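Q: Chains as they are written, first to last, in our numbering: chain A, 133 to 273; chain B, 5 to 958; chain C, 47 to 289.
To be clear, the hints were calculated from the coordinates, so they are not data collected in a lab. Small disclaimer: the values here were computed from a predicted structure and weren't measured. The beta carbon of each residue, even a glycine, is placed where N, CA and C say it ideally should be. Don't take every hint at face value.
[Stated by the list, open to error] Label-pair distances were calculated between CB atoms; the ranges are:
1. B:A933 with C:E171: 56 to 62 angstroms
2. C:E171 with B:A328: 43 to 49 angstroms
3. C:T70 with B:G868: 33 to 39 angstroms
4. C:S79 with A:L226: 30 to 36 angstroms
5. A:L226 with B:G868: 45 to 51 angstroms
6. C:S168 with A:L226: 43 to 49 angstroms
7. B:V21 with C:T70: 39 to 45 angstroms
8. A:E155 with C:D269: 35 to 41 angstroms
9. C:G190 with B:L27: 27 to 33 angstroms
10. C:A186 with A:V180: 53 to 59 angstroms
11. C:T70 with B:T945: 41 to 47 angstroms
[Said to hold, decoys possible] Coverage of chain A stretches by chain C, computed from C-beta distances (three or more under 8 angstroms per stretch; other residues unrestricted):
12. 185-199
13. 202-208
14. 229-240
15. 243-254
Residue strings, one per chain:
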Amino acid sequence: MAQLETDDDGRVVYEITAAGRTEVAQWFQEPVRRETAPRDELAIKLAVAVTAPDVDVTAIVQTQRGETMRTLQQLTRLKRDADEDADLAWLLVLDRLIFDAEAEARWLDHCESRLARKAGEKAVRRPASGRSPRAAQGSAR
Amino acid sequence: MTAVLDRPSAPVTPPSVPRHGRLRTWLGQWRVALRLARRDAWRSKGRSLLVLLIVGLPVLIVSGVILWGYQSIAANQPRAYAELRLQGGADAVVAPQIAPVEQSLYGDVTNTLTGPAPTEATIRAALPEGSRLVAMPDQTRELILENGDWGVTGGFVSSEMSDPLLRGYWRNLEGTFPKARGQVLLDASLARRLHAGLGTTITVSGTGDQRSLSRELLVVGLADPNPMFWSTGVVWPGDLPVVRDAGPTTTLPPFYLVDSPAPITWDVVRQVNKAGAFVTSRAVVDDPPTFCSSSEICLDDGPAPGQEPGMVSSPTSPDAAREAALGGVVIVLVILQIALLAGPAFAVQLRRRQRELGLVGASGGDAKVLRRTVLASGVVLGVAASVGGAVLAWAAIAVMTKNESLLALFSYPGIPPLPPFPPELFGVMAVGIVASIAAAMVPAVVAGRGDVVDTLRGRRPLPALRRSLPLVGLATGGLGLLVMVYGVLQLDAVILGVGVVLGELGIVLLMPWIIVQTGRFGGRLPLAGRLAVRDSGRHRMRTAAAACAVAAAAAAAVGVSAAYGATATYATSTDVATLPDVSVVYLPLEQYDEMGQPVPVDADKVVAETRAVVRAADPDARTALLRDVAPAGRPQSVQAGAAYISCGPADAGILSDPSQIPCYGRQPQTFLPSSSSVVEVSPDDLPLILGPAAPLDEARAALEEGKAVVLQPNGVVDGKVTLTASWSDPETGAMSAAQSVDVPAIEVLRGTLPATVLVSSQTLARPDVAKVLGPGTSGLMLAQPSEADSGDRPTFVERVNLEMARSELGAGVSESLAQTDMTLIVLLAGVGATALLALLAGLMVTALALADGRADHATLQAVGAAPRVRRAVAAATAGYVAGLGCIVGAASGLVGSYVLLPLLTDGRGFGAQNTWSIPWPMVGLIVVAVPLITAGVAWLTTRSRVELTRRLDS
Amino acid sequence: MSDLTTTPVLELRDVTRIHGSGVTAVHALRGVSLSVQAGELVAVMGPSGSGKSTLLNVAGGLDSVTTGAVLVEGVDLATLSKADLAAVRRRAAGYVFQDLNLIPTLTAAENVALPLELDGTSVRESRRLAVDSLEAVGVAELAGRYPDEMSGGQQQRVAIARALVGDRRLVLADEPTGALDSETGEAVLRLLRRRVDEGAAGVLVTHESRHAAWADRVVFLRDGTVVDSTSYSVEADAAGALS
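Work out the full structure: start from the sequences and follow the hints.
A: The structure is reproduced here in structure tokens:
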């Protein structure tokens, strides 16, 4: 910003310099980079929970997903009530939050599937009673 | 109405209660179904056109034939003849008689009373004031017209033809009427036979006592004469000697044409009747009085009393019932065939409309609705095809019978009015509609059974073939076979027909199983074949319908081939084909004087003169005389109707009578003068009569020994033949007692004559024979030209006729016996037609399969298959389906023809002479050519690039 | 709408659906219970094979249940014949699929009028109700057009109009936005939401949370059972309670 002359009230009028204009233009044009390793509390929580032996991870996932879904519903309700023409900027931000929440819900779905598949495989490896223990030993390794 | 769904409690009508009433629901569902069918038919125009043709063409043809029949009958009605008579444009045609008369409305039924003869004055007085009478011109006698080598006989009208009413009887005039002596106008078709045209000079000479007359005339005009007043042409008055062609006692012309200022109503007609002439009046034809029918003598205000009412043909109950049953069976067969041909189209349509049906189901259409949706297509297309076909036929016949040049082609006796729209036509339309619905039946049932969820998913789970189906098919087919055998034994066409229907149904039921079985072997084929077989197996319904259509046609083709083979073999065994090219000259042995009384004739003289005539036409011609044989002492065998061993058509009743044996051989158009089939011949003439391939020495020896020679099988029993003579009294018509004599005879299965037995003068001289039989008074002469007819000379027969006209004998009639056996030609045509039908069925199937398989082809293309592979798949599919159909059809055709064998040969039931000779090359050709051609067409018409379409819509 | 004596428009009571038998049996649904009132939109989520489509199929009578009961407007579907089940689909429940919802040879109005006409309603009446329904979804001007003359979004609107035409108030939607882009999909969901708010009842099967969020209640299915269910209402939120 370059300083211009002081006006009668003593306020300093600033005007954007040419260099400044170029900077702003560049800021608009460059995409915002994402951090590659975000500090996500939820991700850490689940990662730890999976390794802990006595924790019901599926329940955690479902609870979290329920919460995320409720958030989603709330956001959607807000979107419903917004006026498409007047609140365009507000809608853009809302949509961002909605997509973010959806992404989280999707990831949680994915986790649930993975966990369910793993549990299924473990069930195969730990045979029900009646099967020969020798066969169980062979496949448990 | 607001958009708010404002219903606080369950508003729904219980599902089992029709909300708007049963009728409305039914109507609504059919309305939807018909709408969907209409739109679908419009959307797939190609497939719709196919069905329209398959159903519509038979309707068109049958309707045309029915209307043709109606028009032929109408053309024979008095009114049609009256139209013909009035063709020249006259208000009335008046025919003077010898006394006052009574007549029917149009003048064709007449009654002469007693009274004074008419004069021109009295006739004119009876007509309206200011009428103009034009007398019919004079006629010449029969003359000979020649143009170089070509010659015909005929008579002319001698007139200046100045009056337009006269000229109206000559149509389609080219050139002009004669304007001076030495000119002539000729009948156009006669001129063609004479190879003469405008500007040709023809020579006219006389016959009989005018033999010295000879004149040259220039042809200045050609026209078509009215058949009622036909003559060879028109000459200028005075150019040729005329003879008034009137009755013997009147000096008035035979007809007057009347041009009248006032219409000649029935009252006027009656006045003219009382003056002494018949009248055909335009006004009466256009607006006949209602108090008389056209066939009765009509008086001033009603029919003449004491007339026999017209014969009302009432169908006698047993015959009518049988005919109706036969008709019913034929109709069922026709429906079955049409349904089989159109079936594949509906099967394909079912697949195309699958999504649509699923949506209907999801929107609340139950199984019935789904069925109706498919059936509606059958209704829509059936109605369009049937109504269209019938209307088109009506229009075509209407145009044909109103167009004068076309009318001449069909040689109707009279001019019929516009054709009616008879109830039979509605029957034909109904049959077409039923057939179309029948074709859609199986797809409809399948649609109803479909699971909506699967349909929406696009899944078409192939239902397992019901175990019972092939068994039912086998049982039905077997039952059909048994019924056919029974029908043959009973010689009952109805039972036979039922058997054929059952047999066809059996094959239809069996076909899906056959497809599944053959599908198992598909794995061993190369890629294209494997895909083709697997694909056809997946679309079992379409494949089965198509194969059945081809099979039905192929079975018919093989059956007709068998008939052809049997006929040809039998014909060869009787050597019909090797007979010489022989003509028949009818001896003019019956002469009448002017009063119409018969005149005695010197038969030997006539025979000698006839021989001279033949030699004049062809000096090296050979002749043979066939003299009639009559009951002894009664030479006028024409009156003495005799029944000998005669041959007639095979019929159930006749077969039990041993004196009747079925005919085989060519028949001339007219028969021997007498009804006997025994003729007297000279042994020297045998080579001409029996042909060179016959055992001539044997036959000659037999005749000279006084034996008889029998020309048909089963006539000679224990070396003898029984000849029977009987006659009817000419006065009372009573039949006399029959007298028989056994004559030693040999059998010679040769000959083309309708004669059954040849005898010689030696045979007739035997004492036991002479008591029963003697020479008759009529006969005919066989003549054989020395060289065959060629196109640039008049034929032998034409020359004989011309020479006969020149001789003292006067005009005679001859005709050629050298006709090709129509039976064989008809059968050959039948084979061609049914084979063509099989080919058409195959091609149609191919077209459907190609259109249907576009999605698969698109996939193939996307996967990278070369165009050749796709063509190969298309060709393999076509060949597989057509081949399957042909093989199954040929097999069933062979079995059926074996069962029907007796009917194909000599119609005598099992145990008689049966020749099961199948023309194997012909059958093989059908079975091989049809699939090959269909495959070839498929190969050629598969497009090299196919647009990738969404698979979901197929 | 919180009157507990109001009959739910759709009710599933402990529904189990097994395909096949013995070793190869597939349990598409196991003991699923669900209840949808008028004015309620319920979303059903789950991975493929979880039984979502089966649930929708049994809700409209397209598929039968092995045990349990399905009640539409209070009528137990198990007591009905196949023809009567079709009547239910004509009068009470309408389907909306992912795409190809419309019969291509019928106009929009004719498509919407289809269930009414199949039920025997007169042409004039059904046409009138169809146009009304089209108006309610905002595409009244498309009444005379054919499906191939419409965009995907418009087609889905017409499909919704058909599902709710006349007296019908249960809409069963199977991934209705699956073939549409994000914007259009949202518009369709907005429309669905509006109609439900106006008194319809809806079951929306989807695998996208964003879309499921338009519902009052979200039910999660896995291997045929309900593993979770969330709902959000403004009042509950304000009260700070979970429902």
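Q: If a hint holds in the structure, say so; if it doesn't, say that too.
A: To see whether the hints hold, each was checked on the structure:
1. Between A933 (chain B) and E171 (chain C) the beta carbon distance is about 60 angstroms. The supplied range of 56 to 62 angstroms therefore holds.
2. Separation of E171 (chain C) from A328 (chain B) is about 48 angstroms and conforms to the stated range, judged on CB atoms against 43 to 49 angstroms.
3. The supplied range of 33 to 39 angstroms is met by T70 (chain C) and G868 (chain B), whose beta-carbon atoms lie about 36 angstroms from each other.
4. Between S79 (chain C) and L226 (chain A), the C-beta spacing of about 34 angstroms keeps the proposed range 30 to 36 angstroms intact.
5. The given range of 45 to 51 angstroms is respected by L226 (chain A) and G868 (chain B), whose C-beta atoms sit roughly 48 angstroms from each other.
6. At roughly 47 angstroms, the beta-carbon separation of S168 (chain C) and L226 (chain A) lies within the given 43 to 49 angstroms, and the hint holds.
7. Checking the proposed 39 to 45 angstroms range against V21 (chain B) and T70 (chain C) shows it holds: the Cβ atoms sit about 40 angstroms from each other.
8. Distance hint check: the CB atoms of E155 (chain A) and D269 (chain C) are about 56 angstroms apart, inconsistent with the given range 35 to 41 angstroms.
9. At about 29 angstroms, the CB distance of G190 (chain C) to L27 (chain B) agrees with the hint of 27 to 33 angstroms.
10. Distance hint for A186 (chain C) and V180 (chain A): a CB-CB separation of about 57 angstroms, consistent with the stated range 53 to 59 angstroms.
11. At roughly 45 angstroms, the beta carbons of T70 (chain C) and T945 (chain B) sit within the given window of 41 to 47 angstroms.
12. A count of 3 residues in the stretch 185-199 of chain A with a Cβ less than 8 angstroms from any Cβ of chain C is obtained; the coverage claim is therefore met, three being the minimum.
13. Taking a C-beta to C-beta cut-off of 8 angstroms, the stretch 202-208 of chain A contributes 6 residues in contact with chain C, enough for the three needed, and the coverage statement holds.
14. For the stretch 229-240 of chain A, the proposed coverage by chain C is satisfied: 6 residues have a C-beta within less than 8 angstroms of a C-beta in that chain, meeting the threshold of three.
15. For the stretch 243-254 of chain A, the stated coverage by chain C is satisfied: 3 residues place a CB nearer than 8 angstroms to a CB of that chain, which reaches the threshold of 3.
Checked against the numbered hints given earlier, the structure breaks only hint 8 and satisfies all the rest.
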